[in-house]
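Every letter in the sequence shown is one number past the one before it in UniProt numbering, and letter 106, counting from 1, is 106.
Incorrect hints may appear among the rest.
Under the rule of at most 20 Å between Cα atoms (straight-line distance), these lysine to aspartate or glutamate pairs were calculated in the EDC-like manner [what the hints assert, rightly or not]:
#	residue 1	residue 2
1	K96	E4
2	K38	E81
3	K38	D8
4	K96	E139
5	K38	E104
6	K96	E28
7	K38	D56
8	K96	E81
9	K96	D56
10	K96	D82
11	K38	E88
12	K96	E115
What follows is a set of in silico ranges between Cβ atoms, one per label pair, in the way DEER data are often shown [claimed, not checked]:
#	residue 1	residue 2	range
13	P46	E115	13 to 23 Å
14	G155	R3	22 to 32 Å
15	E81	D8	13 to 23 Å
16	T6	H151	32 to 42 Å
17	A55	G155	17 to 27 Å
Hints are computed from structural coordinates only; laboratory data are not their basis.
The beta carbon of each residue, even a glycine, is placed where N, CA and C say it ideally should be.
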Amino acid sequence: MIREATPDDVPVLLAMIGELAAYERAPEAARATEPQLKEALFGPQPAAFALIAEADGTPVGFALWFRNFSTWTGTHGVYLEDLYVRPEARGGGHGKALLAALAEICVARGYERFEWSVLDWNEPSIGFYRSIGARPMDEWTVFRLTGEALHNLAGASRVNGG
Numbered sequence: 001m002i003r004e005a006t007p008d009d010v011p012v013l014l015a016m017i018g019e020l021a022a023y024e025r026a027p028e029a030a031r032a033t034e035p036q037l038k039e040a041l042f043g044p045q046p047a048a049f050a051l052i053a054e055a056d057g058t059p060v061g062f063a064l065w066f067r068n069f070s071t072w073t074g075t076h077g078v079y080l081e082d083l084y085v086r087p088e089a090r091g092g093g094h095g096k097a098l099l100a101a102l103a104e105i106c107v108a109r110g111y112e113r114f115e116w117s118v119l120d121w122n123e124p125s126i127g128f129y130r131s132i133g134a135r136p137m138d139e140w141t142v143f144r145l146t147g148e149a150l151h152n153l154a155g156a157s158r159v160n161g162g
């Protein structure tokens, strides 16, 4: 069963985010706190949304997503930040059900894109994504600005007196 996350799900979401970070070989990178996650998902202006996959009433996976926007199509889309199914529940269709629920959100709302990133070494996930018709955007490279480089660039800003 797939359902929308509730504020009561924040502790289990945070636990699964930690599990995902460990799987992706970066456990130290998962620094979000319960208050941060609660505010991001359920505050007055939610920045993200989450779906929970359950088996026999127990959360076994989640999808955390947010809206993006295409200037070319003039429509919103969904960016899937995290998809995770606990190891003991893998192969039970939960990942596909989470993706299908997000695809349904896209179609129902007129969103034209559903995108996500996957680590190059994660062959099981890449194979699964290809099996449902997803295709890699090989001609695009993701760039990220963090830490000191982010602060240095922000210091060069002319916005707000910078």
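Which of the listed hints are not met by the structure? The structure breaks hints 4, 5, 6, 7, 11, 14, 17; every other hint is satisfied.
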